[in-house]
Every structure is written in C-alpha cells, then in structure tokens.
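The chain contents come next:
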Amino acid sequence: MKKKTYSFSIGLKALLITGMLLFTFAFISCENQRETVQQIPVLNFEEFEPYLKKNNDTTYVINFWATWCKPCIEEMPAFLKLDSLYSGQKFKLVLVSLDFPDKLESQVIPYIRENDIESEVVLLHATDANSWINKVDSNWSGAIPVTLVYNKNSREFYERIFTFEELQEIVQSKI
Amino acid sequence: MNGYSLLKNSKKLFNQKFRKMKNLSLLIFSLFIGLSLMAGGYEVGDKATDFKLKDVDGTYVSLSDYEDANGFIVIFTCNHCPYSVAYEDRIIEIDKKYKNKGYPVIAINPNDPDLYPSDSYENMKVRAKEKGFTFPYLFDDGQEIYPQYGAKRTPHVFLLDKSGSDYIVKYIGAIDDNYADADAVEKPYLEDAIDALMAGNDPDPDFTKAIGCTIKTK
Numbered sequence: 169m170k171k172k173t174y175s176f177s178i179g180l181k182a183l184l185i186t187g188m189l190l191f192t193f194a195f196i197s198c199e200n201q202r203e204t205v206q207q208i209p210v211l212n213f214e215e216f217e218p219y220l221k222k223n224n225d226t227t228y229v230i231n232f233w234a235t236w237c238k239p240c241i242e243e244m245p246a247f248l249k250l251d252s253l254y255s256g257q258k259f260k261l262v263l264v265s266l267d268f269p270d271k272l273e274s275q276v277i278p279y280i281r282e283n284d285i286e287s288e289v290v291l292l293h294a295t296d297a298n299s300w301i302n303k304v305d306s307n308w309s310g311a312i313p314v315t316l317v318y319n320k321n322s323r324e325f326y327e328r329i330f331t332f333e334e335l336q337e338i339v340q341s342k343i
Numbered sequence: 003m004n005g006y007s008l009l010k011n012s013k014k015l016f017n018q019k020f021r022k023m024k025n026l027s028l029l030i031f032s033l034f035i036g037l038s039l040m041a042g043g044y045e046v047g048d049k050a051t052d053f054k055l056k057d058v059d060g061t062y063v064s065l066s067d068y069e070d071a072n073g074f075i076v077i078f079t080c081n082h083c084p085y086s087v088a089y090e091d092r093i094i095e096i097d098k099k100y101k102n103k104g105y106p107v108i109a110i111n112p113n114d115p116d117l118y119p120s121d122s123y124e125n126m127k128v129r130a131k132e133k134g135f136t137f138p139y140l141f142d143d144g145q146e147i148y149p150q151y152g153a154k155r156t157p158h159v160f161l162l163d164k165s166g167s168d169y170i171v172k173y174i175g176a177i178d179d180n181y182a183d184a185d186a187v188e189k190p191y192l193e194d195a196i197d198a199l200m201a202g203n204d205p206d207p208d209f210t211k212a213i214g215c216t217i218k219t220k
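Residue numbers (the numbering used here), protein chains in the order written: chain V, 169 to 343; chain Y, 3 to 220.
Don't read these hints as lab results, they were simulated from the structure. Beta carbons: idealized from backbone N, C-alpha and C, even for Gly. One should not assume that every hint holds.
Calculated lysine-lysine pairs in the DSS-like style (CA-CA distance at most 25 Å, straight line) [to be verified]:
#, chain 1, residue 1, chain 2, residue 2
1, Y, K54, V, K238
2, V, K238, Y, K189
3, Y, K127, Y, K164
4, Y, K133, Y, K164
5, V, K271, V, K342
6, Y, K54, Y, K164
7, V, K320, V, K238
8, Y, K133, V, K271
9, Y, K133, Y, K49
10, Y, K218, Y, K164
11, V, K238, V, K342
12, Y, K133, V, K303
13, Y, K101, Y, K164
14, Y, K164, Y, K56
15, Y, K131, Y, K101
16, Y, K218, V, K271
17, V, K221, V, K258
18, Y, K127, V, K238
One-sided excerpt, in silico: chain Y residues whose CB lies under 7 Å from chain V [stated by the list, open to error]:
#, residue
19, V63
20, P84
21, N102
22, K103
23, P115
24, A198
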C-alpha cells in the first residue's frame with residue numbers, strides 16, 4: 169500500500185515536471201516568435217512628420233502602402249530587394265502602412281511576418297487626410313502607392329509603381 | 003511617361019540646336035498643352051460630361067434621365083476598397099437625405115474587373131443588394147468615364163450643379179474628414195458643399211483630398 173502511494177507520487181511529480189517543462193518551452197518559443205516580428209508603431213501625422221524632414225547624410229525612401237492595396241503589394245519585393253542591397257550604406261527605407269489600425273494584428277503583422285520584412289514599418293493613422301496629404305507632397309492625389317525619395321540635397325515624389333531597376337537607378341544617383 | 007520623355011527630349015533638342023526658332027517653341031508649347039489635357043480631369047467650374055452606363059438592375063442611366071434634379075453627387079467607388087466599404091453606409095444616408103432635395107447620388111465603379119475580380123458587374127449586383135443601395139451603382143465598362151472626370155481614387159466625389167443643360171463641377175474630393183469613424187467626423191465636406199449649393203453659394207472648400215484606393219488600368 170505504502171509502495172503504491174510512493175510510486176503514485178513519483179508519477180505525479182514526473183507529470184508535473186514534464187508539464188512545467190512543456191509550458192516553459194512553449195513560453196520561450198512564443199517569446200522568440202514575438203521577437204522576430206518588429207514592433208509597429210501607430211502614429212498620427214504630427215508624430216510621423218519628422219520622417220519626412222530628416223536632415224543628414226542618409227537618403228530616405230518613404231513608401232506609402234497598405235495590405236489591401238494590390239499595386240502596393242506587387243511592388244513591395246522591389247523595395248525589400250532595394251533595402252537589402254543598400255543595407256549598411258547611407259540609405260533608409262521606411263514602409264508607411266495606411267492600413268486601418270484595427271487591421272494591424274490581423275493583416276499588417278501577418279504580412280510582415282510572412283515576408284520576413286526587417287525594414288522599418290510604421291502605421292500612419294491620421295484621419296483628416298486633407299489636412300496632411302499636401303504636407304507630404306502637393307502633387308499627391310491621395311491614391312497609393314506613392315514613394316518619396318529624399319536627402320538633404322534633393323526631394324522627389326512619385327505617384328506610380330516601381331520595378332527594382334527603376335528604384336535602384338534613382339537611389340544610386342543619390343548615394 | 004512616353005509623353006513626358008518626348009517633352010523632355012524635345013526640350014533638350016530645343017536648347018541645343020533651335021534656340022531661336024519660334025515655330026519649334028510653338029510646337030513645344032502645343033505639346034505641353036496637349037499633355038496637360040491628356041493628364042485630364044475636371045477642375046471646379048468645368049462642365050462635366052453626361053454618360054450612359056449600366057446599373058446593377060440592367061438598365062442604363064444618364065444624368066439627362068433626371069429631369070427634376072438640381073444636381074448630382076457623382077461618387078466613384080467600388081467593392082474591393084476598404085475606404086469605399088467604410089463609406090457605404092454614409093453614402094446611403096447622404097442619398098436619402100439629399101435625393102428629395104434634388105441632389106441624388108450616382109455611384110460609378112471605375113475599376114477593371116480583370117484586375118479586381120471583386121469589382122465585376124456580377125459582384126456589384128451582389129454588393130448593391132447586400133447593402134440595400136438606394137442609388138444607382140453604375141459600371142464604367144471600358145473605363146471611359148472616370149478619366150474624363152479625373153477620378154484618381156475610390157471613393158472620389160464630384161458634386162455637379164445643373165445649369166440649363168450643363169452640369170457644372172462645384173466640389174471635388176472627400177466625403178468627410180474621418181474614414182474610420184462616422185461619429186467622429188468634424189468636417190462633413192460633401193454635405194457642407196451640397197448645403198452651400200442649396201443656399202445659392204459656392205462650396206468652401208471646393209476641393210479636398212483623401213487617401214483612397216488607386217483606380218487601376220491595364
């Protein structure tokens with residue numbers, strides 16, 4: 169009887185330890201997964217505006233996109249390739265998502281994860297677009313995708329879709 | 003883009019060789035005018051074209067069908083665009099509010115269904131029925147009307163005022179200042195513009211911008 173109780177308690181302990189190990193493992197892997205996905209800040213226009221006005225030696229490529237925007241998604245690989253080509257140089261790509269903030273978890277983050285995007289991504293949530301579109305560029309109609317390429321010497325705004333070669337040509341002339 | 007590079011090349015040629023030739027500068031000038039016309043689209047004050055486009059019920063709709071209308075709220079919109087979807091209920095409310103006052107909504111889907119299958123004529127019928135659209139939802143088959151208006155995105159509003167047999171563009175732009183929350187709207191641009199017209203005034207502002215979905219062509 170005593171022996172039986174003993175073995176029962178061993179079994180319980182083993183079960184408990186296994187359970188704890190499993191839990192710890194699950195927790196760690198979950199943490200790891202979280203670490204691989206960058207934090208995406210949700211910014212209003214005031215908070216975002218400094219991205220348009222950096223005054224240093226770097227060339228900035230600011231692409232306005234959204235997961236629902238088909239042409240944006242079509243040209244995204246060109247931007248990602250550009251970013252990997254110029255990484256380590258005075259070049260910075262910022263992907264400005266115009267997705268609705270309630271789609272951050274369900275659309276934006278899964279897209280970032282599936283495409284292993286390491287470039288900086290921010291979500292711009294600024295409702296009265298009429299008050300800020302012209303501050304990005306007065307030629308912007310409001311449709312996306314659009315891309316702003318600037319450094320301290322030049323500034324160009326494009327309401328169009330790019331291939332990688334076209335982007336590279338523009339950036340190469342500036343760096 | 004070809005037109006642009008043509009212009010650029012012509013300019014180069016002009017600078018290099020024919021600086022003094024007046025006729026060439028005239029050519030460049032007319033090329034420039036041609037290009038700006040090609041860029042197309044109405045500005046406030048322009049006369050808008052009528053059209054004959056197919057509604058979701060199979061009938062064809064023209065502005066001239068509405069003999070009693072004082073004007074029109076022409077909205078380029080579609081099924082697939084989240085901004086359009088966000089405004090559907092508001093467009094229905096605006097139609098209900100202003101139709102009886104002589105300003106009905108005419109919605110036009112400008113997209114090519116080969117590029118956006120959810121914007122096909124069949125899917126337009128489905129969406130119009132689901133939402134209970136109170137206004138015509140027309141298909142710009144062949145994409146001939148939206149470039150004349152200069153619609154750049156969905157939704158994109160062109161408010162027209164009837165003047166004799168002409169339709170004069172009075173307001174171009176956004177419905178309001180908050181796509182995300184109808185209850186948080188501070189500037190109902192379109193309603194303010196219609197109210198101004200009904201009071202015999204010109205809308206102010208008469209042009210606004212908004213984020214929207216690109217109207218794509220092949």
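Against the structure, the hints come out as follows:
1. For a cut-off of 25 Å, the pair hint linking K54(Y) to K238(V) is broken: about 29 Å separates their Cα positions.
2. A threshold of 25 Å between alpha carbons decides the hint, and for K238(V) with K189(Y) the separation of about 30 Å lies outside it, so the pair is violated.
3. Between the alpha carbons of K127(Y) and K164(Y) the distance comes to roughly 29 Å, so the proposed pair goes past 25 Å and is violated.
4. For the proposed pair K133(Y) and K164(Y), the alpha carbon gap of about 29 Å is over 25 Å, so the pair is violated.
5. Note on K271(V) and K342(V): the hinted pairing is violated, with a Cα-Cα distance of about 35 Å set against a maximum of 25 Å.
6. Restraint check for K54(Y) and K164(Y): the C-alpha separation of about 17 Å stays at or below 25 Å, so the hint holds.
7. A threshold of 25 Å between alpha carbons decides the hint, and for K320(V) with K238(V) the separation of about 32 Å lies outside it, so the pair is violated.
8. For the hint pairing K133(Y) with K271(V), the CA-to-CA distance comes to about 22 Å; that is within 25 Å, so the pair holds.
9. For the hint linking K133(Y) to K49(Y), the alpha-carbon distance of about 32 Å lies beyond 25 Å, and the restraint is violated.
10. Between K218(Y) and K164(Y) the alpha-carbon distance is near 30 Å, which puts this suggested pair outside the 25 Å criterion.
11. Note on K238(V) and K342(V): the hinted pairing is violated, with a Cα-Cα distance of about 29 Å set against a maximum of 25 Å.
12. A threshold of 25 Å between alpha carbons decides the hint, and for K133(Y) with K303(V) the separation of about 36 Å lies outside it, so the pair is violated.
13. Of the pairs offered as hints, the one joining K101(Y) and K164(Y) holds, with about 14 Å between alpha carbons and a cut-off of 25 Å not exceeded.
14. For the suggested pair K164(Y) and K56(Y), the alpha carbons sit about 22 Å apart, so the restraint of at most 25 Å is met.
15. Between K131(Y) and K101(Y), the direct Cα distance comes to roughly 19 Å. Compliance with the 25 Å bound is thereby established for this hinted pair.
16. The suggested pairing of K218(Y) with K271(V) holds, with an alpha-carbon distance near 23 Å, which does not exceed 25 Å.
17. This hinted pair checks out: K221(V) and K258(V) have alpha carbons roughly 16 Å apart, not beyond 25 Å.
18. About 23 Å separates the Cα atoms of K127(Y) and K238(V), which keeps this hinted pair within 25 Å; it holds.
19. Hint status for V63(Y) relative to chain V: violated, with the closest Cβ pair at about 26 Å, above 7 Å.
20. Given the 7 Å rule on beta carbons, the hint for P84(Y) holds: about 5 Å separates it from the nearest Cβ of chain V.
21. Given hint, N102(Y) at the interface with chain V, is violated; its Cβ is 28 Å from that chain's nearest Cβ, farther than 7 Å.
22. For K103(Y), the shortest C-beta to C-beta distance to chain V is roughly 25 Å, which exceeds 7 Å, and the interface hint is violated.
23. Interface hint at P115(Y): violated, since its Cβ lies 13 Å from the closest Cβ of chain V, which is beyond the 7 Å cut-off.
24. For A198(Y), the shortest C-beta to C-beta distance to chain V is roughly 17 Å, which exceeds 7 Å, and the interface hint is violated.
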